[in-house]
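Asker: As you go down the protein sequences, you meet chains C and A in turn. Residue 1 is where the first sequence starts when you use the numbering used here, and the numbers rise one by one after that. Residue 1 is where the second sequence starts when you use the numbering used here, and the numbers rise one by one after that.
Worth flagging that the hints you see were computed from the coordinates, not collected in a lab. Built from N, CA and C at the ideal position, the CB exists for glycine as well. Hints should not be assumed to be uniformly reliable.
[Stated by the list, open to error] Not the full set, but computed from the structure, chain C residues with beta-carbon under 7 Å of chain A:
#1 Q43
#2 G48
#3 A52
#4 D54
#5 Q116
#6 A118
#7 V392
#8 L397
#9 A400
#10 I403
#11 A407
#12 E410
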Amino acid sequence: MNVLTAVFVATAAVTLAYFVCLNAVYGAFTFVAARSLRSHLRQRAYSGLEEAFDSPFTPGITVILPAFNESAGIVESVRSLLALRYPLFEILVVNDGSTDDTVERLRDAFDLVPAQRALRDAIPAQRVRATSVSRRHRDLWLIDKENGGKADALNVGINAARHPYVCAIDADALIEPNALLEVAAPVLDDPERVVATGGIVRIANGCTIDHGRVVDVRLPSSRLAVVQVIEYFRAFLVGRVGWTSLNALLIISGAFGLFRRDAVEDVGGWWTETVGEDVELVVRIHRHFRSRGLPYRIAFVPDPVCWTEAPEDLRGLSRQRRRWHRGLGQTLWRHRHAIGNARYGALGLVGLPYFLLFEFLGPVVEVLGPPVTVAAYLLGKLSLLFLVAFLVIAFLLGIALTIAALALEEFNFRRHNRSRDVLRMLAYAVLENIGYRQLNDAWRLLALLDLARRKQGWGTQVRRGIGRRTGQEQQVGA
Amino acid sequence: MAAFALAVLALGGLNAVLLALLVLRRVRLSAEARRHVALVQALRPAAVAFLQGDAPLPAGLTAAEQEVLADILGEYARKLSGPARTMITRYFEEHGAVERELEALARARAAWRRAAAAHRLGDIRSGAAAAGLLAALGDHAREVRTAAARSLGKLQEPEAVEPLLAAVAARSVPRAVVGWALLRIGPPAVPALRRLLTADDPARRAGALRVLGLLGEPADAEAVAARLRDTSAEVRAAAAHALGRLGGSQSFPALLAALDDRVPSVRAAAATALGRIRDRRALDPLLEHARSDRFEVAHAAARAAAAIDLEAARRAATGPHLREAVDLAALA
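Extracted from the complex, chain A is given alone in its bound form (with noise of 0.2 Å):
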């Protein structure tokens, strides 16, 4: 009888705290959301002000106001560039900002303390957070290194382009992400792009060449094209893909001999580039591939013959692939 009455008195009670848990954080994060909203709302023109030249920022304020301030301004600074931009890193670094993150990102021990560190950098774009955001891609949190890796490209370091590379290759880090960050970096990544596309890792080898697909030159053609005979399919696929950004006739036949790869992903991207160049000289190896090939390469190939020569591609279309692409090319 007591165990009895000791279970319903330990599960009516634990229903009563679960209740009273639930209603006392409801109006605890609706109390917090007003106080924040007003907060937000009293201190944004002051920030507006700030970085439109007109007024200092507002001296005195409490450290809740301070750090609504910075959120604020971390908002700003994610869209602006321009002198306004470089006003919000100059009053994050004054107000020692910078420092504060950095050791947050050295030191936190909850990992998502230190991927908030790495994130607020990335908005601060301080150079002085270059060295620790670097150090962050080695933490053990992934989020952590997701984190460093974005704000790597915000502050559009070159020196990360090696190391976010290497993140990729090894798998710590989405490679959308790294992907995102080296086109922010931009041209100044170019010199270590190049660098990377005799590097040991065949990882890194096709990242650095998808990347430098984007942001490189027609020059850049020749090196890329020599990798279409590297030992890695992936290695060759990427190099076909970049070809066909860079475009470039010197590497056609390069392009056209990779059509015949044995691999069926290089094909495809060889048969993709050669109808990104549109030389005419590849429309009948396409319209062949495009009726026999495998469906990823024949699709591709058929896509490309339409784009080079939409009536051949309609007079030799016998079969689905070259069909879809011609009708396709049509609507355009």
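Excised from the complex, chain C in its bound form (with noise of 0.2 Å):
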């Protein structure tokens, strides 16, 4: 056997076993979270929840909402948190050194007014310029500070939180009402050993907006749109209840996230060096507990959503994915010692391997993978048999895996309601796999040349504002 052969048929057999071992771990993930969510579905009604909405004892929450040009939605987000139910809470937006009009939107939307915030020195940040207090709100403060970016933006927040917990909320995020409830459940449960919590983020496009509340959950117009929201059950209702029943939860979405805030402080804020900043905090909180033998959990909680806006078009979603995956590189390689380290249990042993070889060089087998196969073919080094095996098992078994996490949305939760739209995303499901995961490959593998190229920053977003318009009805991206 010649080099040539070695290599074409190895490249075979690395990307057949890439391809077993993946499906394998999702299929296993489809199980566990099909019970996890039924269990989970049942217990909800009898959690206390509503007792603890009307408790004393409930601990507060500080939400903090970073904001750098975020002037099209920022004043229907913070409506929309003003609107929470949860019985003590404070929100500190935190204005990143917008060159927009964001601060003065806020100071004339909520009549905030110059007052005093004291900050605890527990987290190096960039300079807070000025602090405001709503006249109206006094638990809404504007907390304005020098361009350090969002993870900067979050640790002023630390350092000016006055509760035990605090929640990092987007601020072109809306949150359902009782979503902080929701989220802080397992807090409420266990304070002693929950440290972090998570919620769903459902795609708001297409949806119908109202005074910064989702009323009608429509899918969006947009092709590429849909197919993210079913991207998003595949990753929320499947990998997150997954990785949460090992308690290796490695991501809990930037969007939306409640920490314990002494756990927070512990371990340093987050990393401002990064775009990945929320999946490196939370790999950092893992291996704080984990190295010091202190029982934890964290936890990914089904039922509170935030909403937010997808990217419609091709440039905007390639910009999203390749920092997406920038971040998790970053944060795979400032952790890269705790990669299959037992020290860290089934963090070191199969989350963060998982990541490593399935999340972040995925995609160097999967765009790889496939052409060197039929290369191998032409040579003469595979049969055909093996090749129309390959290429249509892998395919009908990524219908059933995304079928099988729209199931799980429609048998537990039902936020579509339009037989039509579940019909839509059925199809989705089928054609997701032809160009749309082979392009999304195509632009995490750009983020290896973007690393390699030490690439940093966040790009350009563009925001339309997903609840801007107030008072009346609004269809999002639709």
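Fit the two chains together into the complex; they arrive one by one in their own frames, and the hints show the way.
Answerer: Next comes the structure, spelled out in structure tokens:
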């Protein structure tokens, strides 16, 4: 066997092994998720959340909303936060040196007046220029600081927080009224062990929004956004539920996550040198508790919903996916010594290796694997039967896992009332395998080049503002 | 070749089954939801007429109709009080619902069924359910214990005070739910809370203090103030918080002394309490702590000082905590 042949055969073998392992993990997680979601929904009615809402013993939460040039949607986002059902919370909008009129809009909408806010020096951060408080809502503060990035803004929020828990929320997100109470449920249940929780992120494109609330859930007309709706079901209802069952959840979405403040302070806050500060913080918290042998839990909660705007054009989506992938790469590099390290339990032995091999390096296999396998066939190193079998099985398995994720949503949450929407999602469960997945892999492969070139920054993000028109209904991106 | 064909067939079949399940389930759930809405619409007027004393409940209902009617009455039971509430309890008692739910609470294998029974017993509010619910506080499933705690609060059962605080101390029921339940029990809980101030377990003493601060009387201040010398910092902090709510000038010296406790959370709680009592003698020590103590203590002391004398706090506003407190007080 010459070298070329060996390379082709080895690549085909790696591709096959990758494919088998990835689908085995997803298949197992789908089963786990089916059981776990069913049991969660049965328990939910008896978890005492309504009583906690009326209880003076429910711990307070500081909601931190980092904002950089969020003029388009900031007022509606804050309005949706003011409507949250939670007995004790404050909202800190941290303006990260915006160059648009974010501050002016907030000041006008909520009658903000200058007021001193004492800040801890728990986490180093950029200088705070001014602080102000709303005359109408005494628990709504604006902290205006020098630009330092999202992570830096979150760290300032930690330094200014008054409550034992902090909830980080994206400024372009809409949070459902019960979401704060629901995301805090594991904390209320087990405050000694639960250090972080995250809720589900759903896509608001196509939905009708009224006064900062999603009042009618619909699929967007954009095909690209529909595919993302399905992707989010897979990621949240299968992936995050599965990783939670192993206590190796690596991602609490930056759009909506609750943390015990002292845990964030102890690990030094959000890392400002990455574009994946949400993943990195969670990994650091895991390592902090595991290396000290302290009992802890990080949980995904499937009920609380954070609505967000998905990119509807290829350019925006490509930018987002490359940024996510770079963030993952930076996190894995920073925590490379924990990968495969038994000291970190399921995180070191399962979670991090999975994310390295199947998420971070996955695009290399997914982009290069099929052409090399075809080339191996053309060179006569593989049988046609193997090639066809591989492609057909991969295609059918991909569809099966996506339909299963849709079934999890449909059986448990049923947020899409129109049968037409469900049929469309089913159609896209097939269609996403032709073109979209390959495109996604290509973007993630480009992110590896970005990392090699040490590219930094978030890039420009165009915000349409998912609920910017008030007093009337609005369809987002429809 | 055969293996490949088999794999493709299996995966194709799996997709078809998943698809069929999804569609059938959606159709079934939609039909069930429509039927449920129709039954609720048909039975609600009868339930309202019954609660208004206009007409008895209809007889000869099917099992499904009886279940929906029970749900409607349970919904009203959560909202109503007085004679209408008593009528609902009597209806459930006469129809054997209490025995059925107690049976389910004791014997159902699935935890969610036991939790559902415990929850419904709280809505029914029959005194006959108290013993069963107290026993359910020891259930191995957390949701059952939580539902039982909530229902004991609904029943306003004074016998539940000690078991509820024991459950919180053992971390077997969420503290927020137990706090809610104890507040629902209200003044009848106070004698048991007083007894628990000297319990062996510091977590029980602290729990009792937190609730006594909300339900107790100024006359309780002396016994609560004694707990400011407790060996547990958690208890001392809870005592300070409770004194802030109970008031009473006799507790002032003890609170002032607690301002110099070695544990910051106790000092912060004492500062907050002194701000509530608003005794001017606390002003200078509070200003001192606002300027020089750790963040949480300084913050509480500054707020307290501004609450006692805004002008004095403004004149002394040299640090960020005092300036924040003064700015906020000025907005009030």
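Asker: If a hint holds in the structure, say so; if it does not, say that too.
Answerer: These are the hints, each one checked on the structure:
1. At about 4 Å, the closest approach between the beta carbon of Q43 (chain C) and any beta carbon in chain A falls short of 7 Å, and the interface hint on this residue holds.
2. About 4 Å separates the beta-carbon of G48 (chain C) from the nearest beta-carbon of chain A, less than 7 Å, and the hint is met.
3. Satisfaction of the interface hint for A52 (chain C) is found here, the shortest Cβ-Cβ separation to chain A being roughly 4 Å, below the 7 Å cut-off.
4. The beta carbon of D54 (chain C) comes within 6 Å of a beta carbon in chain A, closer than 7 Å, and the hint placing it at the interface holds.
5. Checking Q116 (chain C) against chain A by beta carbon gives a least distance of about 4 Å; that is within 7 Å, so the hint holds.
6. A distance limit of 7 Å between C-beta atoms decides the matter here; for A118 (chain C) the minimum to chain A is near 4 Å, and the interface restraint holds.
7. The interface hint given for V392 (chain C) holds, since its Cβ lies 6 Å from the closest Cβ of chain A, which is under the 7 Å cut-off.
8. Hint status for L397 (chain C): holds, given a least beta-carbon distance of 6 Å to chain A, under 7 Å.
9. The closest approach between the C-beta of A400 (chain C) and any C-beta of chain A is roughly 5 Å, which is under the 7 Å cut-off, so the hint is satisfied.
10. The restraint placing I403 (chain C) at the interface with chain A holds, with a minimum CB-CB distance near 4 Å, inside the 7 Å limit.
11. Using the Cβ-Cβ criterion of 7 Å, the hint placing A407 (chain C) at the interface with chain A is satisfied: the shortest such distance is roughly 5 Å.
12. At its closest, the beta carbon of E410 (chain C) sits 6 Å from a beta carbon of chain A; the interface hint therefore holds under the 7 Å criterion.
In terms of the numbered hints stated before, the structure departs from none.
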